[in-house]
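Student: Spelled out from the first residue to the last, the chains are:
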Amino acid sequence: MNSITRKYTKTTKMSELIEADYRMLLLLSRLGISLGFGEMSIQAICKKYDIDADCFLFMANLQTNRSVYDYRAEFEKIGLDSVLLYLQKSHSYFIDRRLPHFRNALQNAISNLETNVQKIILRFFDDYSNEVNEHMQYENDTAFPYIFSLLGVEVGKDYNITVFEDHHSDIEGKMAELSRILTKYIQGDATSLTMTNVLIELHIIQEELDSHTFIEEELVIPRVKKIEGGKAKR
Amino acid sequence: MSNLKKTIAVAEMSYIIRKGLVYSLSQLPIVEKVVEWKDLENLSAQSIALRPDAIVINPMVLGRISKSEIRQRLKLDKKMVVIALVYNMIDEQFYRSYDAVIRINDSEANIENILTNALKNGNSSGSGQDDLSERETEILKSLVKGMSNKEIADHHNISIHTVITHRRNIARKLEIHSVSGLTIYAIINKLVDVNDVKY
Chain A
61 MNSITRKYTK TTKMSELIEA DYRMLLLLSR LGISLGFGEM SIQAICKKYD IDADCFLFMA
121 NLQTNRSVYD YRAEFEKIGL DSVLLYLQKS HSYFIDRRLP HFRNALQNAI SNLETNVQKI
181 ILRFFDDYSN EVNEHMQYEN DTAFPYIFSL LGVEVGKDYN ITVFEDHHSD IEGKMAELSR
241 ILTKYIQGDA TSLTMTNVLI ELHIIQEELD SHTFIEEELV IPRVKKIEGG KAKR
Chain B
4 MSNLKKTIAV AEMSYIIRKG LVYSLSQLPI VEKVVEWKDL ENLSAQSIAL RPDAIVINPM
64 VLGRISKSEI RQRLKLDKKM VVIALVYNMI DEQFYRSYDA VIRINDSEAN IENILTNALK
124 NGNSSGSGQD DLSERETEIL KSLVKGMSNK EIADHHNISI HTVITHRRNI ARKLEIHSVS
184 GLTIYAIINK LVDVNDVKY
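From first to last, the protein sequence lines stand for chains A and B. Just so we're aligned, residue 61 is where the first sequence starts under our numbering, counting upward by one. Just so we're aligned, residue 4 is where the second sequence starts under our numbering, counting upward by one.
Bear in mind the hints are in silico, worked out from the structure with no lab data behind them. C-beta: ideal position from N, C-alpha, C; glycine also. Keep in mind that the hints are not guaranteed to be accurate.
[To be verified] Incomplete in silico selection of chain B near chain A, CB under 8 Å:
#1 S181
#2 G184
#3 T186
#4 I187
#5 I190
#6 I191
#7 N192
Start from the sequences and build out the full structure, keeping to the hints where you can.
Tutor: Now the structure itself:
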């Protein structure tokens with residue numbers, strides 16, 4: 061997709077990062093970093109927002125340079141606690157901002173359809189949102205505190221990461237269905253960009269959720285298992 | 004013809020070989036879509052949902068395992084054809100259980116033949132783009148009205164097994180798997196009245 065591969069370092073200007081890959085705007089949004097950073101470097105911004113710069117760089121490289129970035133090796137070098145903070149921030153981004161924002165846009169885009177159809181589409185989306193919400197809430201309330209405690213001293217007796225793994229069900233499938241339904245069966249107005257924008261947003265959310273799940277399932281869980289193994293031996 | 008439109012997945016670690024194969028395959032008339040799987044851990048839900056008709060994979064990725072193990076490991080459904088991509092000197096035992104073998108020095112025409120034959124034998128279902136049959140539409144209506152498989156079977160005078168087959172085909176054709184998604188489909192297409200749906 062991108063013909064230019066650029067690796068980022070702490071001294072890279074934040075504005076250059078955005079220019080190199082506009083999707084980094086989403087990373088900033090997830091982390092709650094506001095725009096208007098002038099000439100500040102990644103490091104300076106991270107310091108300002110109290111974000112681990114290594115973790116930030118990892119997320120930026122993982123998302124734009126995945127094919128050339130040895131993310132598994134790099135992941136071992138960054139603090140698990142800062143990754144968890146990133147995931148928690150992402151949760152509130154999805155639940156409090158991303159999904160509600162999308163719901164408004166969706167509602168607007170389908171406002172010319174029959175009321176019944178509108179209702180049922182919104183209900184589908186709301187059910188989906190609730191599922192995401194429940195899932196992320198569970199991680200915030202149960203799984204993450206456990207991992208944090210693991211990073212401290214004790215192993216929680218009644219919980220291990222396998223429970224979390226089992227709990228980690230597929231929540232992206234429904235968004236893909238919604239996207240298909242809107243694309244295939246709703247006669248849109250060819251001159252209006254409203255539905256086009258909604259569909260693009262929907263695909264972006266899907267990508268963001270995919271990447272979020274990837275970090276949890278493929279990177280965090282294996283690392284936690286290793287820590288659990290190490291503690292059990294002692 | 005639906006059997007002209009095949010989706011092929013390529014699982015290969017080497018960038019150069021993967022890209023080359025993806026390009027070669029995409030040039031073949033029977034191929035509609037090629038998905039790249041860089042490594043198996045990376046299989047996103049999306050690529051699995053694409054349900055390829057065949058997967059071309061370097062046997063070294065999986066080691067010496069049986070065909071059923073391959074399917075298990077890759078979470079493939081039974082119909083998917085598994086083709087070995089062989090480009091180095093490896094023992095035949097590594098790819099004995101595969102449905103077909105593509106070698107690095109195979110010509111374009113050869114590759115096409117191998118693929119066509121493998122897909123024919125593999126009685127793969129093709130990536131459906133067909134409309135629902137009348138029967139399927141009727142069953143869809145019952146489904147979104149909240150009827151159970153048993154009730155649908157009784158209502159239409161067919162076996163539960165047939166109901167399940169129909170449901171599977173409906174989901175495959177529309178690419179909508181949840182009942183709530185099917186409900187939206189049914190209402191938009193005026194198959195049912197909103198007051199009749201369970202969801």
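Student: Hint B:I191 vs chain A: min CB-CB distance below 8 Å?
Tutor: Since chain A brings a Cβ to about 5 Å from B:I191, closer than 8 Å, the hint holds.
Student: Is the interface hint satisfied for B:I190? The criterion is a beta-carbon contact with chain A at less than 8 Å.
Tutor: Hint on B:I190: holds, closest Cβ of chain A at ~6 Å, below 8 Å.
Student: At a threshold of 8 Å, is the proposed contact between B:G184 and chain A supported by beta-carbon distances?
Tutor: holds, 4 Å
Student: Against chain A, run the beta carbon of B:N192 and see if the smallest gap drops under 8 Å.
Tutor: holds, 7 Å
Student: Against chain A, is B:S181 within 8 Å by beta-carbon distance?
Tutor: holds, 6 Å
Student: When the nearest CB of chain A is found for B:T186, is that gap smaller than 8 Å?
Tutor: holds, 6 Å
Student: For the hint on B:I187, just tell me whether its beta-carbon gets within less than 8 Å of chain A.
Tutor: Since the shortest Cβ distance to chain A is 5 Å, the answer is holds.
No hint from the list above goes unmet by this structure.
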